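K.L.:
Chain residues, written in single-letter form:
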Amino acid sequence: MSVLVVAEHLGGVLQSGTARVVAAALQMGDGVDVLVAGHNVSEVAEQAASLAGVRAVVVVDQPNLASQLAESVCEVVLTLVDSYSHLLAAASTFGKNLLPRVAGIKRLPQLSDVIEVISADTFKRPIYAGGAIATVQNTAPLKIITVRTSAFGAVGQAAAAAYSGVSVDVNNSLTSLVSETQADAAGPELGSARVVVSGGRGMGSKENFALIESLAGRLNAAVGASRAAVDAGYAANDLQVGQTGKIVAPELYVAVGISGAIQHLAGMKESRVIVAINQDEDAPIFKIADYGLKMDLFEALPQLESALS
Amino acid sequence: MKILVGVKRVIDYNVQVRVRPDETDVDLSNTKMAMNPFCEIAVEEAVRLKEQGIASEIVVVSVGPKVVQEQLRLAMALGADRAIQVETEDAVDSLAVAEVFAELVAQEQPGLVLLGKQSIDSDNNQTGQMLAGMAGLGQATFASAINFKEGCIQVTREVDGGLQTLELTLPAVVTTDLRLNEPRHARLPDIMKSKKKPIDVRPLGDFNVTAQNYLKVLKVQAPAQRQAGEMVASVAELVDKLKNQAGVIA
Ligand SMILES: Cc1cc2nc3c(=O)[nH]c(=O)nc-3n(C[C@H](O)[C@H](O)[C@H](O)COP(=O)(O)OP(=O)(O)OC[C@H]3O[C@@H](n4cnc5c(N)ncnc54)[C@H](O)[C@@H]3O)c2cc1C
Chain A
0 MSVLVVAEHL GGVLQSGTAR VVAAALQMGD GVDVLVAGHN VSEVAEQAAS
50 LAGVRAVVVV DQPNLASQLA ESVCEVVLTL VDSYSHLLAA ASTFGKNLLP
100 RVAGIKRLPQ LSDVIEVISA DTFKRPIYAG GAIATVQNTA PLKIITVRTS
150 AFGAVGQAAA AAYSGVSVDV NNSLTSLVSE TQADAAGPEL GSARVVVSGG
200 RGMGSKENFA LIESLAGRLN AAVGASRAAV DAGYAANDLQ VGQTGKIVAP
250 ELYVAVGISG AIQHLAGMKE SRVIVAINQD EDAPIFKIAD YGLKMDLFEA
300 LPQLESALS
Chain B
0 MKILVGVKRV IDYNVQVRVR PDETDVDLSN TKMAMNPFCE IAVEEAVRLK
50 EQGIASEIVV VSVGPKVVQE QLRLAMALGA DRAIQVETED AVDSLAVAEV
100 FAELVAQEQP GLVLLGKQSI DSDNNQTGQM LAGMAGLGQA TFASAINFKE
150 GCIQVTREVD GGLQTLELTL PAVVTTDLRL NEPRHARLPD IMKSKKKPID
200 VRPLGDFNVT AQNYLKVLKV QAPAQRQAGE MVASVAELVD KLKNQAGVIA
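Line by line, the protein sequences give chains A and B. Counting from 0, one number per residue, gives the positions in the first sequence under numbering that gives the first Met the number 0. Counting from 0, one number per residue, gives the positions in the second sequence under numbering that gives the first Met the number 0.
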């Protein structure tokens, strides 16, 4: 069994999800290699090589991979993957974009969002917004899998693994990058933060949403949002938590002015401790909250901030 | 330009799914079904492109048993011109659906394929990317804006780090995200008119689905339920519990 993990990186930094994907990979086989594809990625390669359990890092560093387009990275993966039994990436927008393209070309199935490894060919994954958990056996010669990173702890650091540079012909003429707007990266990353404070439609406006940001700052927490808050323009799209947004499982999740629709719960119900602040005592969020506070959030949030200062 | 749009029949998004007591599958008997919300967004986008004079014909496709005709009719009431039902009683996975679409792309030669980014039942988020790979087309997943240029499109994507805009040569595959548009409701006269629009029913066996079925669902279980928590009366009590009972804040 050998596993190829596609590393995810942004601005020369290895994303924290990759260490979690490596942890999942080590449960499937012991020859775990990491592919770093991009441009000017030597530091990313070093970071990947120091993840515990990694056997080797394969680096493909060339200008035509600078924007990491799925079509281009797919060509790289296809040249390398045949000697592996498993191909893994995080179930992030990057991994979700890339791996099924590889699967389509290989005419092989993919298992998305795996949350548990039962054996090298049997896995658990949520379906129906987490309303059910399927145990699926995959007997394909190459098992293509995206990993829900919140379900796995990260591997630690170890002595650097070997790494080798490879060059690959990339001929993608289908797509090109026009522009990218990075969300401001204040505070910890949503996907791996220890504490997340999320606001919903109840916040009422973008200005009021600053109350969430301020509380998050106080708790050294990442900011999250419900779909309704993002749709209304209170918060940026990359803060949406839920079935079709980001999946988080922090130590503490504070939901403010969020009703608790199944699509939102799908993204946060694995959190260790859930706090809900809502003025409607019948809000479904209270059914899954460890601590519920029925209160107007505009009273509760200032009180909470001063109690924590 | 012709647009090919995928439409899937799924559980209504407001309904909580039940698991069968024997844990072989979910139980969808007597469950309210609907068009997958992301497919609705794809249909809406196609209709808007037709209203803008960019699209000339909208062909909607669904793979499944006869009942999927309900969703195809709805898509035609919303503005699609004709429908293809690829008929099968069996459950089909994303890979098989992508193969069917790849064959339809070859036959119909659309300028654009619009699919939902994910269906809310299997939550796979795969079909569009698989199709793009098989058909050798460019892909833009998680689309929140589509702009037509000469011979190409620019698509803005909602990605983890923010927003990204790509340019794609046509034909291409675009998968829709929540904020691409807000789908309209079908009007009664349009529902009546849609009954006259054609549905071409073709057996799945007519398609060259080559992929072997490597996946086997061994079990489907209800998720672990969270323990019911407690209501606190004040912010002070909340902070005290978080510090001294849960130990999550210092
Ligand atoms: C295909 C699909 C995918 C979706 N994906 C997601 C997803 O990924 N993530 C997601 O979050 N949603 C998702 N949704 C949307 C989901 O169904 C809900 O509509 C959404 O989560 C509601 O957001 P909300 O709780 O902020 O708003 P609401 O449901 O409107 O709730 C607002 C809450 O705020 C409370 N409130 C109002 N004012 C105050 C106040 N002053 N003080 C205290 N409380 C107050 C109200 O009592 C209410 O409970 C999806 C829906 C669909 C159809």
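Just so you know, the hints here were simulated from the structure itself, not pulled from any lab data. Keep in mind the model is a prediction, meaning the values are calculated, not measured. For glycine and all other residues, C-beta sits at the position ideal for the given N, C-alpha and C. You may find that some hints are simply not true.
Said to hold, decoys possible - With beta-carbon atoms standing in for the labels, derived distance ranges:
#, chain 1, residue 1, chain 2, residue 2, range
1, A, Gln136, B, Lys195, 56 to 64 Å
2, A, Val12, B, Met191, 28 to 36 Å
3, B, Arg183, A, Glu206, 26 to 34 Å
Claimed, not checked - In silico PhoX-like cross-links for lysine-lysine, where the CA-CA straight-line distance does not exceed 25 Å:
#, chain 1, residue 1, chain 2, residue 2
4, B, Lys49, A, Lys286
5, A, Lys123, B, Lys218
6, A, Lys286, B, Lys242
7, A, Lys268, B, Lys218
8, A, Lys286, B, Lys31
9, B, Lys65, B, Lys240
10, B, Lys49, B, Lys242
11, A, Lys268, A, Lys293
12, B, Lys242, B, Lys31
13, A, Lys268, B, Lys242
14, B, Lys196, A, Lys293
15, A, Lys123, B, Lys242
16, B, Lys196, A, Lys268
17, A, Lys293, B, Lys240
K.L.:
For the pair we were handed, A/Lys293 and B/Lys240, check the Cα-Cα distance against 25 Å.
P.N.:
Measuring from Cα to Cα gives roughly 15 Å; hence the hint holds.
K.L.:
Within 25 Å, alpha carbon to alpha carbon, are A/Lys268 and B/Lys242?
P.N.:
21 Å, holds
K.L.:
Hinted pair, alpha-carbon criterion (25 Å max): B/Lys65, B/Lys240. Please report holds or violated.
P.N.:
The hint is violated at about 55 Å.
K.L.:
Can you let me know if the beta-carbon spacing of A/Gln136 and B/Lys195 is within 56 to 64 Å?
P.N.:
Taking Cβ atoms as reference, A/Gln136 and B/Lys195 lie about 46 Å apart, which means the hint is violated.
K.L.:
Just to be careful, I want the Cα atoms of A/Lys123 and B/Lys218 compared with a cutoff of 25 Å; is the pair within it?
P.N.:
Given pair A/Lys123, B/Lys218 holds - Cα atoms ~9 Å apart, limit 25 Å.
K.L.:
Please verify whether A/Lys268 and B/Lys218 have alpha carbons no more than 25 Å apart.
P.N.:
22 Å, holds
K.L.:
Does the Cβ distance between A/Val12 and B/Met191 fall inside 28 to 36 Å?
P.N.:
Because 57 Å falls outside the window, the suggested range is violated.
K.L.:
Do the alpha carbons of B/Lys49 and B/Lys242 lie within 25 Å of each other, as the hint requires?
P.N.:
58 Å, violated
K.L.:
Is A/Lys286 within 25 Å of B/Lys242, Cα to Cα?
P.N.:
Holds - the C-alpha atoms of B/Lys242 and A/Lys286 are around 22 Å apart, at most 25 Å.
K.L.:
Is the Cα-Cα distance between B/Lys242 and B/Lys31 25 Å or less?
P.N.:
Status violated; Cα separation ~44 Å.
K.L.:
Given the hint that A/Lys268 pairs with A/Lys293, test it: the Cα-Cα distance must not exceed 25 Å.
P.N.:
19 Å, holds
K.L.:
Regarding the pair B/Lys196 and A/Lys268, is the alpha-carbon distance no greater than 25 Å?
P.N.:
44 Å, violated
In this structure, the hints that do not hold are numbers 1, 2, 4, 9, 10, 12, 14, 15 and 16, in rising order.
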